[in-house]
Amino acid sequence: MKVLYFAWLKAKTGIGEEDIAPPDGTATVGQLVEFLKARSPGHAAAFETMSAVRVAVNQDFGNLDTPVKVGDEVAFFPPVTGG
Amino acid sequence: MKVLYFAWLKAKTGIGEEDIAPPDGTATVGQLVEFLKARSPGHAAAFETMSAVRVAVNQDFGNLDTPVKVGDEVAFFPPVTGG
Amino acid sequence: MTIRVQREDFDPGAELARFSSGKTNVGGICLFVGLVRDYMGHDPASGAQVNGMTLEHYPGMTERQLEAIEAEARKRWPLDDALVIHRYGRLEPGERIVLVAASSAHRDAAFEACRFLIDWLKTKAPFWKVEHTPQGDAWVDAKESDDAAASRWDQAKA
Amino acid sequence: MTIRVQREDFDPGAELARFSSGKTNVGGICLFVGLVRDYMGHDPASGAQVNGMTLEHYPGMTERQLEAIEAEARKRWPLDDALVIHRYGRLEPGERIVLVAASSAHRDAAFEACRFLIDWLKTKAPFWKVEHTPQGDAWVDAKESDDAAASRWDQAKA
Chain H
36 MKVLYFAWLK AKTGIGEEDI APPDGTATVG QLVEFLKARS PGHAAAFETM SAVRVAVNQD
96 FGNLDTPVKV GDEVAFFPPV TGG
Chain U
36 MKVLYFAWLK AKTGIGEEDI APPDGTATVG QLVEFLKARS PGHAAAFETM SAVRVAVNQD
96 FGNLDTPVKV GDEVAFFPPV TGG
Chain V
1150 MTIRVQREDF DPGAELARFS SGKTNVGGIC LFVGLVRDYM GHDPASGAQV NGMTLEHYPG
1210 MTERQLEAIE AEARKRWPLD DALVIHRYGR LEPGERIVLV AASSAHRDAA FEACRFLIDW
1270 LKTKAPFWKV EHTPQGDAWV DAKESDDAAA SRWDQAKA
Chain C
1150 MTIRVQREDF DPGAELARFS SGKTNVGGIC LFVGLVRDYM GHDPASGAQV NGMTLEHYPG
1210 MTERQLEAIE AEARKRWPLD DALVIHRYGR LEPGERIVLV AASSAHRDAA FEACRFLIDW
1270 LKTKAPFWKV EHTPQGDAWV DAKESDDAAA SRWDQAKA
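Residue numbers (my numbering), protein chains in the order written: chain H, 36 to 118; chain U, 36 to 118; chain V, 1150 to 1307; chain C, 1150 to 1307.
Calculated pairs, DSSO-like style, for lysine-lysine (alpha carbon to alpha carbon, straight line, at most 30 Å):
#1 U/37 x U/72
#2 U/45 x U/72
#3 H/45 x C/1292
#4 C/1273 x H/104
Honestly, the hints are just simulated from the structure, not real lab data.
Construct all of the structure, not just a fragment, from the sequences and the given hints.
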């Protein structure tokens, strides 16, 4: 599974993109986040305030209940501020 | 008093601009229109349907009750269709 | 703040380039260009063919009204700048008739002022269109939809 | 219908000239250009100085979302054409960030589609701004006013 981080989530994790293999039974974004938080203090800091975090699964917006599976591209980022 | 006609009012009167001296007591646009209607069949045709006629006195929109006096510029035209 | 009433064409690209240059305290620019369509009325399928039109105006009053409309826009929104260009004379299908633009620190103000300028202009600036069709010339009737669009802004003021 | 996501600047005048050329069944073109301001927040008087910003984006998803936004606009309004250009990378105050344009037979549709495009883009296209100030870098917070502007269109659809 490819996980991407943007904006201050990238700054906090120190990572733009990582390939991860979450444990069996990781079926939703919420479960994936629990797994990622344990990877480093930076990850924990990035996911500390989930109300400030948005997610896209395979480049479509999702939420904590969105299903994830092997091969998916999951991106975490703050609310967008383009335009 | 200078009287101007635009669009189909100009076509009906056959006149773009005329200098006229309305009789004493012509104090409003409505009274001026009564005087103008009598000047020619073309004028009568132009002013036949007053609901389709708009007026400006000294380049500001007015109505039949707007005062007019010697030296004023009074213009008659249909509702505007610019833009 | 610029008002231009002219017979000759204008270059919308060059106007926008000039209008938008060197602005560092402006968040957004909204611009509208109105063009001559090649059919009458609202529906291209049922509308009769139009070969062109001629725009008559009331020199003097036109500039005066456009200035009043622009001043009203500046009163209602915090504008950085505004631009109105309106042509008169003979125009072919596809030709430009009018350009309005507004710039502001905020996009809401830019959009609303731009739309206000064109809505008011359509009901308050003394221009009249006569369309040239294969069946002859026809003066364009004022549209109720334009009156409705302009009167929205009257209510917004009250 | 054109979508461009690019680092390099664009020429708004040239874009408008190209977008507006050769249209004979179009009544109006509405265009919006968003620029980098030189202060933070909404008020130039109280806002801290901004020396520039960097726009990060999510390549792939950006284009996908912009295409979806444009498709939604075409579904809602009878558009002749639409154009979206969005930059990323380092931008100085006064530089152009984004251009959206819509053309239609009718000015209402052109205005509304143009505003819809920028409103939705601001809440749905994956771009993030970090402002460079004398006090250091600061990620721009999403604005509630932008959410409100975008959600107007959700209600309009329902």
